[in-house]
Structures are given as structure tokens and as C-alpha cells.
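Peer 1: Respectively, the protein sequence lines represent chains C and V. For the first sequence, the UniProt record's numbering puts the final residue at 163, and the numbers step up evenly by one. For the second sequence, the UniProt record's numbering puts the final residue at 163, and the numbers step up evenly by one.
Simulated from the structure, these hints should not be mistaken for laboratory data. Just so it is clear, CB atoms sit at the ideal spot from N, CA and C, and this is done for glycine as well. Watch out, some of these pointers could steer you wrong.
Here are the in silico distance ranges between beta carbons for each label pair [said to hold, decoys possible]:
id, chain 1, residue 1, chain 2, residue 2, range
1, C, D158, V, L68, 28 to 34 Å
2, C, Q124, V, G89, 42 to 48 Å
3, V, T108, C, G96, 52 to 58 Å
4, V, E132, C, R131, 22 to 28 Å
5, C, L69, V, D136, 28 to 34 Å
6, V, T108, C, Q43, 33 to 39 Å
Spelled out, the chains give:
Protein chains: 2
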Amino acid sequence: MTDKKTGANPLFLREEELRQAIELLFFAYRDFTSEADAMLAHQGFGRAHHRVIYFVGRHPMISVSDLLLILKITKQSLSRVLSQLVRDGYIVQQQGTEDRRQRLLRLTDKGVAIERDLTEAQRQRIARAYREAGADAVAGFRAVLLGIMEPPDRSRFDRGRET
Amino acid sequence: MTDKKTGANPLFLREEELRQAIELLFFAYRDFTSEADAMLAHQGFGRAHHRVIYFVGRHPMISVSDLLLILKITKQSLSRVLSQLVRDGYIVQQQGTEDRRQRLLRLTDKGVAIERDLTEAQRQRIARAYREAGADAVAGFRAVLLGIMEPPDRSRFDRGRET
DNA sequence: GGCAATATGTCAACAAAGCTGACGTATTTT
DNA sequence: AAAATACGTCAGCTTTGTTGACATATTGCC
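Use the sequences and the hints to build the structure in full.
Peer 2: As C-alpha cells, then:
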């Protein structure tokens, strides 16, 4: 298709640049999740448990449907993981006051503790990468990732504030 | 732990900044993979098939063991997916000339075609994000993701060239 | 030449985490 | 009173990872 042999071919550079981006995401995400995955395996949990614990910790008293909007999985898939976390005492459900159909979720002390341990390795990994890359690079990292994600979730990152 | 109420607390800002990074990665990766996943489901394949097709396309005549080093999965997991791709005519295996124990992998025309279709959506997504964010942001994006991944794979991104 | 190491493949069993479809209950909204 | 919503559950299926054991072909070394 594109004649790769032509020396200073902008199309080739673009193709190579875009493929590198794809691979950067793959390798970075693979390593980003690997440490927490290993810790979770010890506890008999998986990455899905971490995601639930993380976002419940991040948004205390979140409703089940809002959590589903974040995770973009089916309620049946969430249910299996969430039931285990409730059963094992990491999360408690509490009936909503305004809308009593809701089962609002929050971490127990035990849940907060495991969240801290699990996320700590990821935080340190990011912190090191941020420190080594510098503030300008961090701004670029944010801008590109915001551009990659679908618009609806971008607003979660407005002004360093929670939605 | 850290007193969140203190107004200009650098530790709080740092904590918020790091959590946003974690979430940026989660949301961006979730959406980055979703389109190709949907196309794959049509063909009866999954994300694992895409990864194999992608990296075989990227590194023609790659050995099975080198592919395993990239994917970091077990040979049994790879074998299942790879066998299907060979059976269905997307990949051919060819005995190595220097080391005849090797089964070097390359895409067939059919494999090249599906790789192009699958990766096209991802390339366009990245291209748009790159274009909107600008060259400096792209440099920052690369620097931070390189810092997040484990060192051994960083050399794959030296000088826009393949290893 | 012989033997250990390597590259690859395969069988079997299992687990995590996603999916669809169907159905039920409590509560709110219209 | 009826419809819509929030949530939960049962049942079955798929993809993709895991461990462990074992087999074959080939290479490298002493």
C-alpha cells in the first residue's frame, strides 16, 4: 500500500508512530496491572475485584447503576464480584435515603485497607514515571489519554475534582 | 491518613493527581479496545486473537518464544489461539532455517487483511487524539507510558525502529 | 557419539470474568 | 393503578488465562 521504501515518507512515519502508540498502551497497561494482579491472586481475587474496590473507594455511597456505567460490564458480571466482596466484608450496602431502591456501596475498614495495599504499587509506579518525565510530559499524557477515551467520561477529569 | 481538609496540601494534590492517572489509563484502555473487540466477536474471535495477529503482523517471521515474551502468557494459552488462527488460514508457520526447531510465524494475505481492519479503528482513534493534543503532548504521552512499563520492553521504542 | 538443554506442541483440568436471557421484588414515577 | 426503575438471581455459555505432565525434534556441548 504505502511505499515504505521512500526515505522521508510522512505516511510511513505516521504509521510507525501510530503503531508505537498502540504498543505503548499495550505494554504499559500490561505492566501497570501485573503487580496488583499478583497480590489479588494471593487473596483469591482477580482484577475485577480490584476495579470494584477501587471505584467504590473513590466514590463512596455510589449506586450500583453508577458503578455499572463506569465499569461498562453487565450487572450479572458485577453481581458475582460484588457479592463476594460483601460476603467477605470488604464492602457494605446501604439502602438509599432519597431513593430506597438503591443499594449504595462503601468500603469497610477492611476494604479501605486492601484498597490502599492494592493501589499503592500502581500509585508508586505512576509517581515514578511522572517524576522522571516531568510536568510538561504529564500534561501531554493526560491530554492524549483524554482524547483516546470516549467523550462521556472525560468530564470526570475536569479540574481535579470528582464528578 | 493525609488530612484532606488542608487547602493547598501538596500531598492531597499528588494523591488526586495519581488517582486520576490510574483512571485515565482505565478509561482510555477500556475504550481503546472496545471497537476491535466488537469486530472480533463477529468473527468468533476475541482480544487474544487480535494481539497475536497484531504482533505477528508487526514482527513477520517471529518465533513462538519471542511472541510469548511479548504477550507474557503461557505457551498453552497462546497455543490455543494460535492453532485456531493457523487452522483458519490467518497465520502460517514455517520451519526456521538456522534453527529448525523454530516455527516462525507470519500472516497470510487473509491475515494481513483482518489485521488492517482490526487495527484501523485503533489507529484512527490514536491519530485523532494525537492531532488534537499536539506534538508536545505526544512526546509527553510517550515519555510517561515508557516510564510506566518495565524497562526490558522500553528498548522496543528506540529511534522509531523495530528491535 | 552421547546427553543435556531448548523450542515447540498437546492433553487435561481448572478458574476468572465476561456474556445473554429470563424472571422476581421493591420502590418510584406517571 | 400501571409503568418504569433499581437491584438481585438462576442458568448456561464463551474467552482467556492458569498449572502440571508429557512427547518430539533439534541443537549445543563435552
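Peer 1: Would you mind marking each hint as holding or not holding in the structure?
Peer 2: Evaluated hints:
1. At roughly 42 Å, the beta carbons of C/D158 and V/L68 sit outside the given window of 28 to 34 Å.
2. In this structure, C/Q124 and V/G89 meet the distance hint of 42 to 48 Å, their C-beta atoms being roughly 46 Å apart.
3. Our hint of 52 to 58 Å for V/T108 and C/G96 holds, since their Cβ atoms are close to 56 Å apart.
4. The beta-carbon spacing between V/E132 and C/R131, approximately 27 Å, falls within the hinted interval of 22 to 28 Å.
5. Separated by about 33 Å at the C-beta atoms, C/L69 and V/D136 satisfy the suggested range of 28 to 34 Å.
6. At about 44 Å, the beta-carbon gap between V/T108 and C/Q43 misses the expected band of 33 to 39 Å.
Of the numbered hints given earlier, the model fails hints 1, 6; all others are met.
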